[in-house]
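Listed below, chain by chain, are the residues.
2 protein chains.
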Amino acid sequence: MKSSILTIGDEILIGQIVDTNSAWLGKKLTELGIPVNEIISLADTKESIKKSIENAMLKSDLILLTGGLGPTKDDVTKAAIAEFLNVGTYFDENLYNKISQYFIKRNLPISKYVKIQSTIPETAQLLTNNVGTAPGMLFKKDNKVIISMPGVPHEMKWIFKNSIIPILPQLGKIENNIYQRTIKTIGIGETRIAAKIEDITDTFPEDISLAFLPSSGQVRLRVMSSSQNDNTVHVDKFVNQISSRLGDYVYGYDSVIIEDALKDLFISKNLTLSTAESCTGGYLSHRITSVPGSSKYYIGSLIAYDNHIKESQLNVQSETLLNHGAVSEATVIEMLSGLLNKTGTDIGIAISGIAGPNGGTPDKPVGTIWVAYGTLENYKTKKLTLFKERLRNIHYTATAGMNLLRLFVLNNT
Amino acid sequence: MKSSILTIGDEILIGQIVDTNSAWLGKKLTELGIPVNEIISLADTKESIKKSIENAMLKSDLILLTGGLGPTKDDVTKAAIAEFLNVGTYFDENLYNKISQYFIKRNLPISKYVKIQSTIPETAQLLTNNVGTAPGMLFKKDNKVIISMPGVPHEMKWIFKNSIIPILPQLGKIENNIYQRTIKTIGIGETRIAAKIEDITDTFPEDISLAFLPSSGQVRLRVMSSSQNDNTVHVDKFVNQISSRLGDYVYGYDSVIIEDALKDLFISKNLTLSTAESCTGGYLSHRITSVPGSSKYYIGSLIAYDNHIKESQLNVQSETLLNHGAVSEATVIEMLSGLLNKTGTDIGIAISGIAGPNGGTPDKPVGTIWVAYGTLENYKTKKLTLFKERLRNIHYTATAGMNLLRLFVLNNT
Numbered sequence: 373m374k375s376s377i378l379t380i381g382d383e384i385l386i387g388q389i390v391d392t393n394s395a396w397l398g399k400k401l402t403e404l405g406i407p408v409n410e411i412i413s414l415a416d417t418k419e420s421i422k423k424s425i426e427n428a429m430l431k432s433d434l435i436l437l438t439g440g441l442g443p444t445k446d447d448v449t450k451a452a453i454a455e456f457l458n459v460g461t462y463f464d465e466n467l468y469n470k471i472s473q474y475f476i477k478r479n480l481p482i483s484k485y486v487k488i489q490s491t492i493p494e495t496a497q498l499l500t501n502n503v504g505t506a507p508g509m510l511f512k513k514d515n516k517v518i519i520s521m522p523g524v525p526h527e528m529k530w531i532f533k534n535s536i537i538p539i540l541p542q543l544g545k546i547e548n549n550i551y552q553r554t555i556k557t558i559g560i561g562e563t564r565i566a567a568k569i570e571d572i573t574d575t576f577p578e579d580i581s582l583a584f585l586p587s588s589g590q591v592r593l594r595v596m597s598s599s600q601n602d603n604t605v606h607v608d609k610f611v612n613q614i615s616s617r618l619g620d621y622v623y624g625y626d627s628v629i630i631e632d633a634l635k636d637l638f639i640s641k642n643l644t645l646s647t648a649e650s651c652t653g654g655y656l657s658h659r660i661t662s663v664p665g666s667s668k669y670y671i672g673s674l675i676a677y678d679n680h681i682k683e684s685q686l687n688v689q690s691e692t693l694l695n696h697g698a699v700s701e702a703t704v705i706e707m708l709s710g711l712l713n714k715t716g717t718d719i720g721i722a723i724s725g726i727a728g729p730n731g732g733t734p735d736k737p738v739g740t741i742w743v744a745y746g747t748l749e750n751y752k753t754k755k756l757t758l759f760k761e762r763l764r765n766i767h768y769t770a771t772a773g774m775n776l777l778r779l780f781v782l783n784n785t
Numbered sequence: 373m374k375s376s377i378l379t380i381g382d383e384i385l386i387g388q389i390v391d392t393n394s395a396w397l398g399k400k401l402t403e404l405g406i407p408v409n410e411i412i413s414l415a416d417t418k419e420s421i422k423k424s425i426e427n428a429m430l431k432s433d434l435i436l437l438t439g440g441l442g443p444t445k446d447d448v449t450k451a452a453i454a455e456f457l458n459v460g461t462y463f464d465e466n467l468y469n470k471i472s473q474y475f476i477k478r479n480l481p482i483s484k485y486v487k488i489q490s491t492i493p494e495t496a497q498l499l500t501n502n503v504g505t506a507p508g509m510l511f512k513k514d515n516k517v518i519i520s521m522p523g524v525p526h527e528m529k530w531i532f533k534n535s536i537i538p539i540l541p542q543l544g545k546i547e548n549n550i551y552q553r554t555i556k557t558i559g560i561g562e563t564r565i566a567a568k569i570e571d572i573t574d575t576f577p578e579d580i581s582l583a584f585l586p587s588s589g590q591v592r593l594r595v596m597s598s599s600q601n602d603n604t605v606h607v608d609k610f611v612n613q614i615s616s617r618l619g620d621y622v623y624g625y626d627s628v629i630i631e632d633a634l635k636d637l638f639i640s641k642n643l644t645l646s647t648a649e650s651c652t653g654g655y656l657s658h659r660i661t662s663v664p665g666s667s668k669y670y671i672g673s674l675i676a677y678d679n680h681i682k683e684s685q686l687n688v689q690s691e692t693l694l695n696h697g698a699v700s701e702a703t704v705i706e707m708l709s710g711l712l713n714k715t716g717t718d719i720g721i722a723i724s725g726i727a728g729p730n731g732g733t734p735d736k737p738v739g740t741i742w743v744a745y746g747t748l749e750n751y752k753t754k755k756l757t758l759f760k761e762r763l764r765n766i767h768y769t770a771t772a773g774m775n776l777l778r779l780f781v782l783n784n785t
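Read top to bottom, the protein sequences are chains A and B.
The numbering used here puts the first sequence at residues 373 to 785.
The numbering used here puts the second sequence at residues 373 to 785.
Because the hints were derived from the structure by calculation, they are not lab data.
Everything numeric in this text was worked out from a predicted model, so none of it was measured.
Heads up, a few of these hints could be off.
Identical chains blur together in the list; that is why a pair holds if it fits in one copy or across any two.
As the list claims (entries may be wrong) - Here are the computed lysine-lysine pairs in the DSS-like style, where the Cα-Cα straight-line distance is at most 30 Å: (1) K668 <-> K431; (2) K513 <-> K431; (3) K418 <-> K431; (4) K418 <-> K516; (5) K533 <-> K513; (6) K431 <-> K714; (7) K422 <-> K399; (8) K568 <-> K470; (9) K513 <-> K422; (10) K736 <-> K533; (11) K477 <-> K736; (12) K418 <-> K400; (13) K760 <-> K470; (14) K374 <-> K431; (15) K545 <-> K423; (16) K568 <-> K477; (17) K529 <-> K399; (18) K470 <-> K736; (19) K484 <-> K752; (20) K477 <-> K760; (21) K760 <-> K399; (22) K668 <-> K760; (23) K423 <-> K399; (24) K400 <-> K423; (25) K760 <-> K533; (26) K529 <-> K755.
Okay, chain A solo, but in the shape it has when bound:
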């Protein structure tokens, strides 16, 4: 069984939203052993939906559609599917009662749109949606399966997990011969990695592939086998070889993210952490607390966006700000000691920089970021010279900050 993912909506084509549904579905289908042939985003017109389903059926056995199931006028997926299958639509009273309950529970009026949502193509097999009003729908034609889901991400995910995964084995033969591992690296670029591991990758057999996936300060290395052979052992062997070569640049594998790696390291060493952020404005703190369990080591942060707060809350001396500026080694050192004195954590990190787009000078252009990190007695500093774009600077600095903390704990505690 191979699949195509069709995401429907002009908002995707005109770039008003980023389509995250297809990435989520691609990941799940791959894990389930159902290769994804293609992801197509198309306009919400009946013609383009019908044409795209027809094309997808030429290469795939399972066609997954998201979007266009809402009650409003731009939602034409149901009508398009009915036309494609050459069937009529009918008013489903059970569905009407179920959707009505959803509104009654929330003390919302039952509008006429509930009736529209309860009108569905004749051959639809309904797929339960417990977190929204539009159910999923399953159709069969010429031994192929077409499934339509709402475009709202958490509804789509709920339906896929609860109403589709359990019936997948009945829908077609799952080959299940995709095996992949991902090595997570940080602090080294793609080209340098490629040169370092070239002699290993040269020995890869034809049916094992390596992909480099760079993003903001990190590179993921995906080793994948999708042949008929069981290549589990070979893939694992290459993963081990590459990891040994790359040493501390590797922080984890597969679904582990740097936030997890940092948390596990701090907890395993029984250390606590606090942060003082200026230019990153809370983004480092957000990244750290985005994973469950971070409260076991992370205490909190002082976001000193304004210089007065740097003085009043972190005890940065006004002479330091005057003589060296808010973006300086001297300032981040004082921010760090002020932070550690205040929070009492074992380890801290302080960041001050010019995120941009304004505020740069010839001496300190946009993208100049100072970081101090460590303990009261043993701290280090680092100057980052980054980019012109504000959000890119914020994202990269948070990632680099987590890596500096990781290396500090690895080498100094």
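With chain A fixed as given, assemble chain B onto it according to the hints.
Structure of chain B alone, referenced to chain A:
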């Protein structure tokens, strides 16, 4: 001139990365008056690339490819294009020297991969890339234009803006008849909006469309005309009618985001803001500071992730935490007054809740969030009852928090 966007890479199909390039390109092309017919993500094999270019040429005049131009083994786009066009490749010495300079400037060794990157299809017209090593490439065939760009987002964007937009008018006829406006609403759902404005949307002519784009606490309403007629006046008229009906739910238009609206409102009233966050862990502060100029009204934040910090830094009484719990109306009220006393800002907001997935109780399930906001003399509180998913709770709460602040300033200052 109509376009297709092809994003190349197994990492997209298996969901390892979210394809943001196509959304960015879709937005730019739409703004430039070049409709996007489809966005296709495909595997990085020569066969699928060749087949997809061939299919795209059936419907579009401009085919934009991203990805697969790196120096490593999984990068096959150049070879696929050369085979599709039936031309050879050659080593471009000028390009080699240019890429080498890139490495020399950064004190990096020139590896053999530079030679691979300097080998290009014979008929390629090179498109300058000043922020990376792989240039863009332009090809012509059968009156259609094929453009290949690297997949690294900031390189793709640089090439599109600097090396493609200036030559677009020479590549085909741009119709320029897309006109769209977007109304940004917050704090009201899609179904309620639809019911409120139904009598207005019923009067829309055929060639003007309305789309509802819901996302985490917000709904964007896009009014679009893409007919041959000049519908500017009609679109603007409907936008005004809908906005009047929705009142305070509307915070802005088009590219304005809630972060901008909040900033403009605070600055126009000459007010300052600080925040105290527990469960949102800095995400609200990040959202506020993600837009340039936020330092003009935003002072900083106390991220009191740990209860001890709530006591020591925000002066929350230990009896309050003991009697009511950290997630309670009493605690957020004390957090707010502690914050305002400390930072001296005009207005503040304090948040404490259970983001999940753990930490819930029957009384206070995961998704229970308390918010206090306002001034020392005049504050309000609100309890949010949200979701089971950690990040969804964090994102929704930050958005809701910004809206509570916006409404407070609108109605109380």
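Comparing the hints with the structure gives:
no.	hint	in the structure
1	K668 <-> K431	neither (49 Å within a copy, 55 Å between copies)
2	K513 <-> K431	both (14 Å within a copy, 27 Å between copies)
3	K418 <-> K431	both (21 Å within a copy, 17 Å between copies)
4	K418 <-> K516	both (20 Å within a copy, 27 Å between copies)
5	K533 <-> K513	within (23 Å within a copy, 45 Å between copies)
6	K431 <-> K714	neither (62 Å within a copy, 64 Å between copies)
7	K422 <-> K399	both (25 Å within a copy, 25 Å between copies)
8	K568 <-> K470	between (59 Å within a copy, 23 Å between copies)
9	K513 <-> K422	both (13 Å within a copy, 29 Å between copies)
10	K736 <-> K533	between (50 Å within a copy, 26 Å between copies)
11	K477 <-> K736	between (57 Å within a copy, 19 Å between copies)
12	K418 <-> K400	both (28 Å within a copy, 25 Å between copies)
13	K760 <-> K470	between (52 Å within a copy, 22 Å between copies)
14	K374 <-> K431	both (8 Å within a copy, 25 Å between copies)
15	K545 <-> K423	both (26 Å within a copy, 26 Å between copies)
16	K568 <-> K477	between (60 Å within a copy, 21 Å between copies)
17	K529 <-> K399	both (12 Å within a copy, 26 Å between copies)
18	K470 <-> K736	between (61 Å within a copy, 27 Å between copies)
19	K484 <-> K752	neither (64 Å within a copy, 36 Å between copies)
20	K477 <-> K760	between (50 Å within a copy, 18 Å between copies)
21	K760 <-> K399	between (33 Å within a copy, 21 Å between copies)
22	K668 <-> K760	between (36 Å within a copy, 20 Å between copies)
23	K423 <-> K399	both (25 Å within a copy, 24 Å between copies)
24	K400 <-> K423	both (26 Å within a copy, 26 Å between copies)
25	K760 <-> K533	between (41 Å within a copy, 15 Å between copies)
26	K529 <-> K755	between (42 Å within a copy, 27 Å between copies)
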